[in-house]
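Required output: the full structure, derived from the provided sequences and hints.
Going down the list, the sequences are from chains X and F.
One point on numbering: in numbering that gives the first Met the number 0, the residue at position 112 of the first sequence is 111, and numbering is uninterrupted.
One point on numbering: in numbering that gives the first Met the number 0, the residue at position 208 of the second sequence is 207, and numbering is uninterrupted.
Just so you know, the hints here were simulated from the structure itself, not pulled from any lab data.
Possibly wrong hints are sitting among the right ones.
Unchecked claim - Cβ-to-Cβ under 7 Å is the rule here; a few derived chain X residues that face chain F:
| no. | residue |
| --- | --- |
| 1 | Ala227 |
| 2 | Arg228 |
| 3 | Pro276 |
| 4 | Ala283 |
| 5 | Ala295 |
| 6 | Thr296 |
| 7 | Ser300 |
As the list claims (entries may be wrong) - Restricting the straight-line Cα-Cα distance to at most 27 Å, the calculated cross-link-like pairs of lysine-lysine (BS3-like) are:
| no. | chain 1 | residue 1 | chain 2 | residue 2 |
| --- | --- | --- | --- | --- |
| 8 | F | Lys10 | F | Lys336 |
| 9 | F | Lys448 | F | Lys10 |
| 10 | X | Lys231 | F | Lys448 |
| 11 | F | Lys281 | F | Lys317 |
| 12 | X | Lys176 | X | Lys194 |
| 13 | X | Lys167 | F | Lys448 |
Glycine residues also receive a C-beta, built at the ideal position from the N, C-alpha and C atoms.
Listed here are the chains, written in short residue letters.
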Amino acid sequence: MTQTADLIVIGGGIHGSSTALFAALRGMSVIVIEKDTVARHASGVNAGGVRRLGRHLAEVPLSQHSMEIWYGLQDMLGADCGFQIAPQIKVAENEEELDRHRARVQTLNRMGFYHETILDQPQVRHYLPAVADHVVGGLASLRDGFAQPFWTTTAIARKATQAGVVFKEGERVLSLKRETDWTVTTDQDIYQAPKVLNAAGAWAGALAGSLGEYAPVEAIAPMMIVTARLPKFCDAVVGATGRPLSFKQMPNGTVVIGGGRRGRADTATNTSEMLFPELRNTAATAMDIFPIMRGATIVRSWSGVEGRMPDDIPVIGPSALHDGLYHSFGFSAHGFQMGPGTGETMAGLIETGATQFDLSAFAIDRFAPPNT
Amino acid sequence: MTQHSPMEPTKVDVAVIGAGPAGMAAAVTASKAGLSVALLDEGQSLGGQIYRNIENGTPFRDGILGRDYVAGRTLAQSLRASDVTYLPRTTVWNISTDNMLDLSRDGSSSQLIADKIIVATGAVERPSPMPGWTLAGVTTVGALQILLKASGVVQEDAVLVGSGPLMWLVAAQMISAGTPPKAIVETTPKGRMAQAMPHILQALKGHRYLTKGLSMIRQVRGAGIPIYNAATNVRINGGEVAESVTFISKGKEHTIHSNHIALHQGVVPNQQVTRLLRCDHKWDASQHCFRPVLDGQGKTSVPDVYVAGDGAGIGGAKSAALMGRLVALAIAQEKGKALPERVDRLEAALASDGAVRPFLEAMYAPAPQFVKPAKETIVCRCEEVTAGAIQEAVDLGAPGPNQVKSFLRSGMGPCQGRVCGLVVASIIAERRKASMDETGYYRIRPPLKPIPLSELANFQPLEVAQK
Ligand SMILES: Cc1cc2nc3c(=O)[nH]c(=O)nc-3n(C[C@H](O)[C@H](O)[C@H](O)COP(=O)(O)OP(=O)(O)OC[C@H]3O[C@@H](n4cnc5c(N)ncnc54)[C@H](O)[C@@H]3O)c2cc1C
Numbered sequence: 000m001t002q003t004a005d006l007i008v009i010g011g012g013i014h015g016s017s018t019a020l021f022a023a024l025r026g027m028s029v030i031v032i033e034k035d036t037v038a039r040h041a042s043g044v045n046a047g048g049v050r051r052l053g054r055h056l057a058e059v060p061l062s063q064h065s066m067e068i069w070y071g072l073q074d075m076l077g078a079d080c081g082f083q084i085a086p087q088i089k090v091a092e093n094e095e096e097l098d099r100h101r102a103r104v105q106t107l108n109r110m111g112f113y114h115e116t117i118l119d120q121p122q123v124r125h126y127l128p129a130v131a132d133h134v135v136g137g138l139a140s141l142r143d144g145f146a147q148p149f150w151t152t153t154a155i156a157r158k159a160t161q162a163g164v165v166f167k168e169g170e171r172v173l174s175l176k177r178e179t180d181w182t183v184t185t186d187q188d189i190y191q192a193p194k195v196l197n198a199a200g201a202w203a204g205a206l207a208g209s210l211g212e213y214a215p216v217e218a219i220a221p222m223m224i225v226t227a228r229l230p231k232f233c234d235a236v237v238g239a240t241g242r243p244l245s246f247k248q249m250p251n252g253t254v255v256i257g258g259g260r261r262g263r264a265d266t267a268t269n270t271s272e273m274l275f276p277e278l279r280n281t282a283a284t285a286m287d288i289f290p291i292m293r294g295a296t297i298v299r300s301w302s303g304v305e306g307r308m309p310d311d312i313p314v315i316g317p318s319a320l321h322d323g324l325y326h327s328f329g330f331s332a333h334g335f336q337m338g339p340g341t342g343e344t345m346a347g348l349i350e351t352g353a354t355q356f357d358l359s360a361f362a363i364d365r366f367a368p369p370n371t
Numbered sequence: 000m001t002q003h004s005p006m007e008p009t010k011v012d013v014a015v016i017g018a019g020p021a022g023m024a025a026a027v028t029a030s031k032a033g034l035s036v037a038l039l040d041e042g043q044s045l046g047g048q049i050y051r052n053i054e055n056g057t058p059f060r061d062g063i064l065g066r067d068y069v070a071g072r073t074l075a076q077s078l079r080a081s082d083v084t085y086l087p088r089t090t091v092w093n094i095s096t097d098n099m100l101d102l103s104r105d106g107s108s109s110q111l112i113a114d115k116i117i118v119a120t121g122a123v124e125r126p127s128p129m130p131g132w133t134l135a136g137v138t139t140v141g142a143l144q145i146l147l148k149a150s151g152v153v154q155e156d157a158v159l160v161g162s163g164p165l166m167w168l169v170a171a172q173m174i175s176a177g178t179p180p181k182a183i184v185e186t187t188p189k190g191r192m193a194q195a196m197p198h199i200l201q202a203l204k205g206h207r208y209l210t211k212g213l214s215m216i217r218q219v220r221g222a223g224i225p226i227y228n229a230a231t232n233v234r235i236n237g238g239e240v241a242e243s244v245t246f247i248s249k250g251k252e253h254t255i256h257s258n259h260i261a262l263h264q265g266v267v268p269n270q271q272v273t274r275l276l277r278c279d280h281k282w283d284a285s286q287h288c289f290r291p292v293l294d295g296q297g298k299t300s301v302p303d304v305y306v307a308g309d310g311a312g313i314g315g316a317k318s319a320a321l322m323g324r325l326v327a328l329a330i331a332q333e334k335g336k337a338l339p340e341r342v343d344r345l346e347a348a349l350a351s352d353g354a355v356r357p358f359l360e361a362m363y364a365p366a367p368q369f370v371k372p373a374k375e376t377i378v379c380r381c382e383e384v385t386a387g388a389i390q391e392a393v394d395l396g397a398p399g400p401n402q403v404k405s406f407l408r409s410g411m412g413p414c415q416g417r418v419c420g421l422v423v424a425s426i427i428a429e430r431r432k433a434s435m436d437e438t439g440y441y442r443i444r445p446p447l448k449p450i451p452l453s454e455l456a457n458f459q460p461l462e463v464a465q466k
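What follows is the structure, encoded as structure tokens:
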């Protein structure tokens, strides 16, 4: 029997779930269709970085908005998301790198954003006592943080369920068709709604393509490695400037290291695979910046399937071709932090047709199809 | 660019992981068939678990360990006489889908690419979760035996707690060594003999095993050690260190004092490599474990990956060696080589060697206490997760071990779930009233064994075109 709703969301990641939650809070009836289980992919397995620091300028307003929701998220959800406020710091390994950060802070200030600040050498040592001697300073966003991704995404979905959202897990959307309303056909059922959100992560490009919208989503597998527990030496989430690194000591003492390098991702089989040779430089960078890491042992690794756009910023906004179709995908390995704010924004856009945010940088029609 | 010594190949026809009976036999046979073979094992020397340290036996140690142990020496000698490249102290810590093996040897990591991979990584002891099993001084019967084989050391005053042939064997070996266990607490539930009887006729075809087993048990019973039967409600007491073990046997509570408690609930296939490679597995209700799904010739669901020995399902040393040879022959055939021996004879020998198994499996299936531990019992030792916490995660909606892992970190510690995996899965299955196959198992992620970060920084990968 055909089921109907005001909005059908495709994808039970953090973007689909949070849009569903905020839409339901606005009074819409919502069905989320997820081919696996909620938080099975990027949204449940990411590194948990809640980072505004260093974002593409186009993302800064939305990321800032998301941060404000993050501060109250656990209260709003009535759940532990493992969220902690912590500094995010990009260390500068030479003066030239520090100059680049100074220029960025000026640009942000001109845009009216003041969350990123320059740390000089004593300040960077204050926040990172274990940092290597050659580090000359850094760029910091002191009230960023980190969270437990699986707890967060499933808590958003649980709250959405309480607000009336229906989650259909283990059901895959096969096709979409628009007559008066959208008809969404899955491998098990048929649904109808005036509005549809494509929040299908690494799989979203194929869905958009099936409706004639070109979105070159590349499936990538960011790689993370985890060490055995070390004595507490770092409270901040740390990145490097001139070479890829993301570095975080967890509350239990283990250190999670990632940054930039990619394994193999396969959207057909839902799998991702580690390629350790790619991580040689990452390992070396971690030891260079934190000499204490020379004695660390890797006990685990993981990766997940994530959707990346060629310009490393997502597709967010209405379809360029079809009424009642919206997109929110391709967060290019940094969409966890954006989850709450983008969901809230999309819910508003979907319900009212308008938003205070300028989404033009994220428009789906910014990519020219290969044959034109 | 790569700095491999000429001794170490970078590309082979067959990589065999594990130098126990299955691995040694597979390597020798594949090599006889004209294939280039590397045999990799993290141990110092040939032999795997059962034939550990087999090439360095002294008459005294041979005497303690017995005839079946000494049999491994012939296999080791044939390996030494073959063209197989044997790499001891070599840990395979990752295998990628293009058949590239990441190896750690003597503190540095390199790669080896293989056309075919034979997983001969044997068995691990089934976990025996019970109150107090994480205390210092608690070990496993298997670990006691490793100590005995590797360095001739016998733990004094040990109390053996559990069930299964290996526990009796080790007890007998300890007695022969002149250091008998302080007591044996047998947890095989009452009525098991009746359940095993239907298999006795078949088992009699393998009467050599039955005779050996019975004489072993007789030797232990005759040695004057206290033996408690059908023990239930077993728990280990102590603050940091184990001080005693308490249990009920024949309706009476007993407490035995010792700082050395060795647990055992039989052995199960070591799934780490086959799970890493995402081979299909199926629950075996008779052996109470997951086994990789194999065709008749040891081939898994993943191309080029084979399993031989206890990793395929528990069959013991002799079956392991027979399977090793069969798998090597299957690969030789696929590669168009002339076969150095006849398949049908090996198959017949394998069938007859396995005759005793259904009897043993019915007799020594794990007791309920260890399959469904009480709420407050710690199940994941690395992250200290209790059975009750796992049940709560299931109630919160976690449908399988991987979601429970995401909630609770169970299986995320240094052992990578090797110890707790089966128990976590059975607690989830029980709570959800789902089958073990529906419940599944942890996804295993590399490294299979911890490696230093500095070793990763100095990793020397092969520079070959990706397949
Ligand atoms: C290893 C790793 C580390 C990361 N670290 C960070 C970090 O520290 N900070 C940060 O901000 N971001 C990080 N990210 C990125 C972040 O996780 C993602 O950008 C974000 O989770 C994307 O959310 P999503 O909802 O768009 O996608 P997903 O979570 O992938 O959700 C999409 C869902 O759609 C479902 N789906 C697809 N097709 C269909 C269909 N046809 N029918 C039904 N359902 C379908 C999929 O099964 C999937 O569950 C990381 C990502 C990875 C992989």
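Taking the hints in turn, this is what the structure says about them:
| no. | hint | in the structure |
| --- | --- | --- |
| 1 | Ala227 | 6 Å, holds |
| 2 | Arg228 | 9 Å, violated |
| 3 | Pro276 | 4 Å, holds |
| 4 | Ala283 | 4 Å, holds |
| 5 | Ala295 | 4 Å, holds |
| 6 | Thr296 | 5 Å, holds |
| 7 | Ser300 | 5 Å, holds |
| 8 | F/Lys10 with F/Lys336 | 19 Å, holds |
| 9 | F/Lys448 with F/Lys10 | 23 Å, holds |
| 10 | X/Lys231 with F/Lys448 | 24 Å, holds |
| 11 | F/Lys281 with F/Lys317 | 24 Å, holds |
| 12 | X/Lys176 with X/Lys194 | 11 Å, holds |
| 13 | X/Lys167 with F/Lys448 | 38 Å, violated |
The structure fails hints 2, 13 (numbered hints given earlier, in ascending order).
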